[in-house]
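As given, the protein sequences belong to chains P and C, one line each in that order.
One rule links them: number in the numbering used here = place in the first sequence (from 1) + 91.
One rule links them: number in the numbering used here = place in the second sequence (from 1) + 551.
Just so you know, the hints here were simulated from the structure itself, not pulled from any lab data.
Glycine is no exception: its CB is placed at the ideal position from the N, C-alpha and C atoms.
It cannot be assumed that every hint is accurate.
Unchecked claim - Not everything, but these chain C residues come out facing chain P in the computed CB check (under 7 angstroms):
{"id": "1", "residue": "PHE588"}
{"id": "2", "residue": "LYS646"}
{"id": "3", "residue": "ILE650"}
{"id": "4", "residue": "MET651"}
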Amino acid sequence: MERKTKVNAEEGKHDIHISREFDLPVDLLFKAHVDPEIFEQWMSHEYGTTKVLKLECKNHGGWQFQTVDAQGNVLFQANGVIHEFVQDQKITRTFEMNNTPFAVQLEFLEFVKLGDDTSKLNMQIVFKTVELRDQLLKQPFAMGLNMAHNRLQEVVGKLK
Amino acid sequence: MNLRRDVFQAIADPTRRAILLLVATQSMTAGAIAANFDTARPTVSKHLQILTECELLEQEQNGREIYYHLNPQKMKEIADFIEPFRKLWDDRFNKLENIMKKYKK
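Assemble the whole structure, with the sequences as input and the hints as a guide.
What follows is the structure, encoded as structure tokens:
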């Protein structure tokens with residue numbers, strides 16, 4: 092399968108660039124980021140359901156969302172402010188995970204029209220330090236290990 | 552239940568990590584691998600099966616014996632720690648794309 096999403100993290104720098112082309116008109120790509128119900132759908136996964144608590148799509152608006160597991164435990168909560176909001180073009184926002192030692196990060200989202208039916212999202216995430224960026228980059232890797240382990244335990248538990 | 556096998560599941564287990572270290576330097580038969588562990592032979596076989604299913608190990612028939620050796624390509628996938636981060640976003644964006652296609656006129 093083709094790798095559609097590109098991630099570029101240069102050694103020694105404290106930012107990450109993520110880009111992706113979509114078979115969607117730019118307004119629909121944008122809508123997926125500002126419509127709470129749609130955002131909840133694509134940000135949910137098999138381990139948890141994402142709920143938007145606040146999403147004020149305007150300059151100086153605030154946002155907040157949380158992910159809960161099947162038992163209702165909050166797995167993850169994040170919040171931030173929207174610094175700049177330009178319809179169908181860009182969102183500049185801060186991102187902070189609640190109850191973690193990680194410093195706030197700055198995110199630039201750029202929505203680009205490629206054709207009538209195609210578009211591109213460019214995301215730049217800026218971290219406070221290089222170390223913090225590398226730590227965050229490695230998180231899904233560590234999570235993958237944990238989840239795999241949990242799933243194994245779950246399955247083994249059923250065999251008992 | 553059919554578990555989806557992936558490399559991360561494979562390396563989540565300490566015995567399997569030990570097996571990977573063992574065969575990193577040379578091809579070995581299941582018997583030779585099992586001799587290094589206190590665990591029962593069928594348990595080791597199960598670990599070998601999982602490692603083979605997610606392509607971390609490859610089997611090679613040599614006469615009557617089956618030898619196991621490391622698949623360096625797959626090991627590289629683990630070494631590349633950015634890949635899970637990329638995959639996380641790729642999964643999200645695939646989902647986004649599928650959902651939004653329904654809104655297309």
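Using Cβ atoms only, decide whether MET651 of chain C comes closer than 7 angstroms to chain P, and label the hint accordingly.
4 angstroms, holds
Min Cβ distance, PHE588 of chain C to chain P: is it shorter than 7 angstroms?
Violated - the Cβ of PHE588 of chain C stays beyond 7 angstroms from chain P, reaching only about 18 angstroms at its closest.
Minimum Cβ distance from LYS646 of chain C to chain P below 7 angstroms?
Given a least distance of 4 angstroms, the restraint on LYS646 of chain C holds.
Hint check, ILE650 of chain C versus chain P [nearest Cβ-Cβ separation less than 7 angstroms]
This interface hint holds because 5 angstroms falls under the 7 angstroms limit.
Checked against the numbered hints given earlier, this structure breaks only hint 1.
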